[in-house]
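Number of protein chains: 2
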Amino acid sequence: MQSKNKHEVNPRISADCVIFGFDFNQLRVLLIERSAVENVPSMMALPGDLIYEEENIDTAASRVLKELTGLEEIYLEQVGAFGDPDRLNKKNDQLWLKAVRQDPDARVITIAYYSLVNLDNYSPQASSFAKSATWMLVDDIQELAFDHAEIVKAALKKLKDKIITQPIGFNLLPEKFTLSQLHRLYESILGRDLDKRNFRRKMLKLKLVESLDEKQEGVPHKPSQYFKFNEENYNKLIENGYDNFGF
Amino acid sequence: MQSKNKHEVNPRISADCVIFGFDFNQLRVLLIERSAVENVPSMMALPGDLIYEEENIDTAASRVLKELTGLEEIYLEQVGAFGDPDRLNKKNDQLWLKAVRQDPDARVITIAYYSLVNLDNYSPQASSFAKSATWMLVDDIQELAFDHAEIVKAALKKLKDKIITQPIGFNLLPEKFTLSQLHRLYESILGRDLDKRNFRRKMLKLKLVESLDEKQEGVPHKPSQYFKFNEENYNKLIENGYDNFGF
Chain A
701 MQSKNKHEVN PRISADCVIF GFDFNQLRVL LIERSAVENV PSMMALPGDL
751 IYEEENIDTA ASRVLKELTG LEEIYLEQVG AFGDPDRLNK KNDQLWLKAV
801 RQDPDARVIT IAYYSLVNLD NYSPQASSFA KSATWMLVDD IQELAFDHAE
851 IVKAALKKLK DKIITQPIGF NLLPEKFTLS QLHRLYESIL GRDLDKRNFR
901 RKMLKLKLVE SLDEKQEGVP HKPSQYFKFN EENYNKLIEN GYDNFGF
Chain B
701 MQSKNKHEVN PRISADCVIF GFDFNQLRVL LIERSAVENV PSMMALPGDL
751 IYEEENIDTA ASRVLKELTG LEEIYLEQVG AFGDPDRLNK KNDQLWLKAV
801 RQDPDARVIT IAYYSLVNLD NYSPQASSFA KSATWMLVDD IQELAFDHAE
851 IVKAALKKLK DKIITQPIGF NLLPEKFTLS QLHRLYESIL GRDLDKRNFR
901 RKMLKLKLVE SLDEKQEGVP HKPSQYFKFN EENYNKLIEN GYDNFGF
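Chains as they are written, first to last, in my numbering: chain A, 701 to 947; chain B, 701 to 947.
Rather than coming from a laboratory, the hints here were simulated on the basis of the structure.
Note that the coordinates shown come from a computational prediction; the quantities given were computed from them, not determined experimentally.
Check each hint, because a few of them may be wrong.
[Claimed, not checked] Just the calculated beta-carbon pair ranges, DEER-fashion:
{"id": "1", "chain 1": "A", "residue 1": "Ser823", "chain 2": "B", "residue 2": "Glu875", "range": "55 to 61 Å"}
{"id": "2", "chain 1": "B", "residue 1": "Met836", "chain 2": "A", "residue 2": "Ile841", "range": "42 to 48 Å"}
{"id": "3", "chain 1": "A", "residue 1": "Lys936", "chain 2": "B", "residue 2": "Lys790", "range": "45 to 51 Å"}
{"id": "4", "chain 1": "B", "residue 1": "Glu910", "chain 2": "A", "residue 2": "Arg901", "range": "26 to 32 Å"}
{"id": "5", "chain 1": "A", "residue 1": "Ser880", "chain 2": "B", "residue 2": "Lys907", "range": "31 to 37 Å"}
{"id": "6", "chain 1": "B", "residue 1": "Lys907", "chain 2": "A", "residue 2": "Lys858", "range": "39 to 45 Å"}
[To be verified] Within a straight-line C-alpha distance of at most 20 Å, the following computed DMTMM-like cross-link-like pairs (lysine to aspartate or glutamate) qualify:
{"id": "7", "chain 1": "A", "residue 1": "Lys791", "chain 2": "B", "residue 2": "Glu754"}
{"id": "8", "chain 1": "B", "residue 1": "Lys862", "chain 2": "B", "residue 2": "Glu887"}
{"id": "9", "chain 1": "B", "residue 1": "Lys876", "chain 2": "B", "residue 2": "Glu932"}
{"id": "10", "chain 1": "B", "residue 1": "Lys876", "chain 2": "B", "residue 2": "Glu917"}
{"id": "11", "chain 1": "A", "residue 1": "Lys857", "chain 2": "B", "residue 2": "Glu914"}
{"id": "12", "chain 1": "B", "residue 1": "Lys862", "chain 2": "A", "residue 2": "Glu777"}
{"id": "13", "chain 1": "A", "residue 1": "Lys853", "chain 2": "B", "residue 2": "Glu777"}
{"id": "14", "chain 1": "A", "residue 1": "Lys858", "chain 2": "B", "residue 2": "Asp861"}
{"id": "15", "chain 1": "A", "residue 1": "Lys858", "chain 2": "B", "residue 2": "Glu777"}
{"id": "16", "chain 1": "B", "residue 1": "Lys857", "chain 2": "A", "residue 2": "Glu777"}
{"id": "17", "chain 1": "A", "residue 1": "Lys928", "chain 2": "A", "residue 2": "Glu875"}
{"id": "18", "chain 1": "B", "residue 1": "Lys858", "chain 2": "A", "residue 2": "Asp758"}
{"id": "19", "chain 1": "A", "residue 1": "Lys790", "chain 2": "A", "residue 2": "Glu850"}
{"id": "20", "chain 1": "A", "residue 1": "Lys860", "chain 2": "B", "residue 2": "Glu932"}
{"id": "21", "chain 1": "B", "residue 1": "Lys857", "chain 2": "A", "residue 2": "Asp758"}
{"id": "22", "chain 1": "B", "residue 1": "Lys790", "chain 2": "A", "residue 2": "Glu754"}
{"id": "23", "chain 1": "A", "residue 1": "Lys936", "chain 2": "B", "residue 2": "Asp861"}
{"id": "24", "chain 1": "A", "residue 1": "Lys857", "chain 2": "B", "residue 2": "Asp861"}
{"id": "25", "chain 1": "B", "residue 1": "Lys831", "chain 2": "B", "residue 2": "Glu733"}
{"id": "26", "chain 1": "A", "residue 1": "Lys790", "chain 2": "B", "residue 2": "Glu754"}
{"id": "27", "chain 1": "A", "residue 1": "Lys860", "chain 2": "B", "residue 2": "Glu914"}
{"id": "28", "chain 1": "B", "residue 1": "Lys791", "chain 2": "B", "residue 2": "Glu733"}
Where is the CB? At the ideal position from N, CA and C, for every residue including glycine.
Okay, chain A solo, but in the shape it has when bound (with noise of 0.2 Å):
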């Protein structure tokens, strides 16, 4: 195989990513502001850039996440690739395309990927083509670049698999927590009503959470309960098969 250039761009894949924010109220994802080109308006777009050509996908995606947005270190899984022919032709997109890119013509075939992070740890910084970085609400997501608002969809369904089927969620928690902020979670991504004591009462009975001999202190309400992960039952937990059928 010939050697290529270490930074060689590969014009015919691309990796984006899908961000998940939560910050104990609202579920947010990360967005950046596409630069403007002539007669081209900026654009709100998932991060996402053509990978090189001697780079493995999951590192592109890491690579890129962090030139569009400053953000590292966050642990990227898989959403899947999208490939529809037609997914780079709208007509802003095109024109963007044609300012910026070497080869605008080339069909791009994207591999997403997807995380979920507590956003009070990251604060992004744009940089590259990207304007501006910003989390927004996953509920607000209006009109986004190329075919980026299906990627977000598909993987907001991914992460409603994942917390359904595993515990997830409480890496994102801090150290002691309440069970209406474990709630809150939980509503947020599946995005639909809860009941409160159902919930309590399934969370409870799978062991993931105990409780500690303290309250929450200076709140305007009833004072709760905290709570702490029982990170040993989690990995007793995911060790033994976690499934629905309980077998």
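Please build the complex by placing chain B on the supplied structure of chain A, with the hints as guidance.
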């Protein structure tokens, strides 16, 4: 965008199919024997090939599967993208590519798809560069071309995740079946023994199967009760959000 030849090949993207077949005894996977070329013996591989420039990836996967094995009308789901820059660099794979491909040095990223079928309903017929096509026991798989062994492993993981979170597999069953057959399906996919009484209890509790007023005849052991799948309850379960926490 310039118009392209409808069947112009995209030299950088391929689609590979992992078709699992179940015969109510063991889990198999559909493999082709890749044609031999000068100095390179034939080798087992997944059915897969380059996509066309103007083709959707999903469509390409179905087309490629049909071209190499004759199998069609199979519902395919994505496993994901596989893009290690060295995935085509094993010596025999390189020699084979040089003999058959126009652009053998191109880095190819593959999008893998999978499905689970009742193999009694499908008779593979090899064509194109496939010398033969066979249902191989998953446990018997040795070396495969490219990174195909890794892809099979990833697809199997998806299948396992799916069967423990969704009641799949029922579409594979005959109209009436015994709980032993269903038990064997789950054991084969999960690759581990499942307690028979426990399995029986859980399955009946989910109300996905209901007993028929009919037993096996002419069997050398105590005849088993026949069951049928309850599609109505299945659909209810799916609609209501089938999940571990049972929210």
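Structure-based check of each hint:
1. At about 59 Å, the CB distance of Ser823 (chain A) to Glu875 (chain B) agrees with the hint of 55 to 61 Å.
2. Under the hint 42 to 48 Å, the C-beta atoms of Met836 (chain B) and Ile841 (chain A), about 45 Å apart, fit the expected range.
3. At about 40 Å, the beta-carbon gap between Lys936 (chain A) and Lys790 (chain B) misses the expected band of 45 to 51 Å.
4. For Glu910 (chain B) paired with Arg901 (chain A), a C-beta distance near 29 Å keeps the hint of 26 to 32 Å intact.
5. Range check, Ser880 (chain A) to Lys907 (chain B): Cβ separation about 33 Å, and the 31 to 37 Å hint holds.
6. The hinted window of 39 to 45 Å between Lys907 (chain B) and Lys858 (chain A) is violated, with their beta carbons roughly 28 Å apart.
7. Between Lys791 (chain A) and Glu754 (chain B), the direct Cα distance comes to roughly 19 Å. Compliance with the 20 Å bound is thereby established for this hinted pair.
8. Taking the CA atoms of Lys862 (chain B) and Glu887 (chain B), the gap is near 14 Å; set against the 20 Å cutoff, the hint holds.
9. Proximity of Lys876 (chain B) to Glu932 (chain B) is assessed by CA-CA distance (about 16 Å); at most 20 Å being required, the pair is judged to hold.
10. Of the supplied pair hints, the one linking Lys876 (chain B) and Glu917 (chain B) holds, its CA atoms being roughly 13 Å apart against a limit of 20 Å.
11. For the suggested pair Lys857 (chain A) and Glu914 (chain B), the alpha carbons sit about 41 Å apart, so the restraint of at most 20 Å is broken.
12. Taking the CA atoms of Lys862 (chain B) and Glu777 (chain A), the gap is about 17 Å. The hint holds against a cut of 20 Å.
13. Distance restraint check for Lys853 (chain A) and Glu777 (chain B): the Cα-Cα separation of roughly 17 Å lies within the 20 Å cut-off, and the hinted pair is therefore satisfied.
14. For the suggested pair Lys858 (chain A) and Asp861 (chain B), the alpha carbons sit about 13 Å apart, so the restraint of at most 20 Å is met.
15. The suggested pairing of Lys858 (chain A) with Glu777 (chain B) holds, with an alpha-carbon distance near 14 Å, which does not exceed 20 Å.
16. Straight-line distance between C-alpha atoms of Lys857 (chain B) and Glu777 (chain A) comes to about 15 Å, which keeps the hinted pair within the 20 Å bound.
17. Pair hint Lys928 (chain A) plus Glu875 (chain A) holds up; C-alpha atoms about 6 Å apart against a cutoff of 20 Å.
18. Simply put, Lys858 (chain B) and Asp758 (chain A) have alpha-carbon atoms about 19 Å apart, close enough for the 20 Å limit, and the pair holds.
19. With a CA separation close to 14 Å, the supplied pair Lys790 (chain A) and Glu850 (chain A) stays within the 20 Å bound.
20. A threshold of 20 Å between alpha carbons decides the hint, and for Lys860 (chain A) with Glu932 (chain B) the separation of about 24 Å lies outside it, so the pair is violated.
21. In summary, the hint linking Lys857 (chain B) to Asp758 (chain A) is supported, as the alpha carbons are separated by about 19 Å, within the 20 Å threshold.
22. Between Lys790 (chain B) and Glu754 (chain A) the alpha-carbon distance is near 16 Å, which keeps this suggested pair within the 20 Å criterion.
23. Between Lys936 (chain A) and Asp861 (chain B), the direct Cα distance comes to roughly 17 Å. Compliance with the 20 Å bound is thereby established for this hinted pair.
24. The hinted pair formed by Lys857 (chain A) and Asp861 (chain B) meets the criterion: a straight-line CA distance of about 15 Å does not exceed 20 Å.
25. For the given pair, Lys831 (chain B) sits about 5 Å from Glu733 (chain B) by alpha-carbon distance, which is consistent with the 20 Å threshold.
26. For the proposed pair Lys790 (chain A) and Glu754 (chain B), the alpha carbon gap of about 16 Å is at most 20 Å, so the pair holds.
27. A hinted pair counts as satisfied when its Cα atoms are at most 20 Å apart, and Lys860 (chain A) with Glu914 (chain B) does not qualify at roughly 41 Å.
28. Of the supplied pair hints, the one linking Lys791 (chain B) and Glu733 (chain B) holds, its CA atoms being roughly 17 Å apart against a limit of 20 Å.
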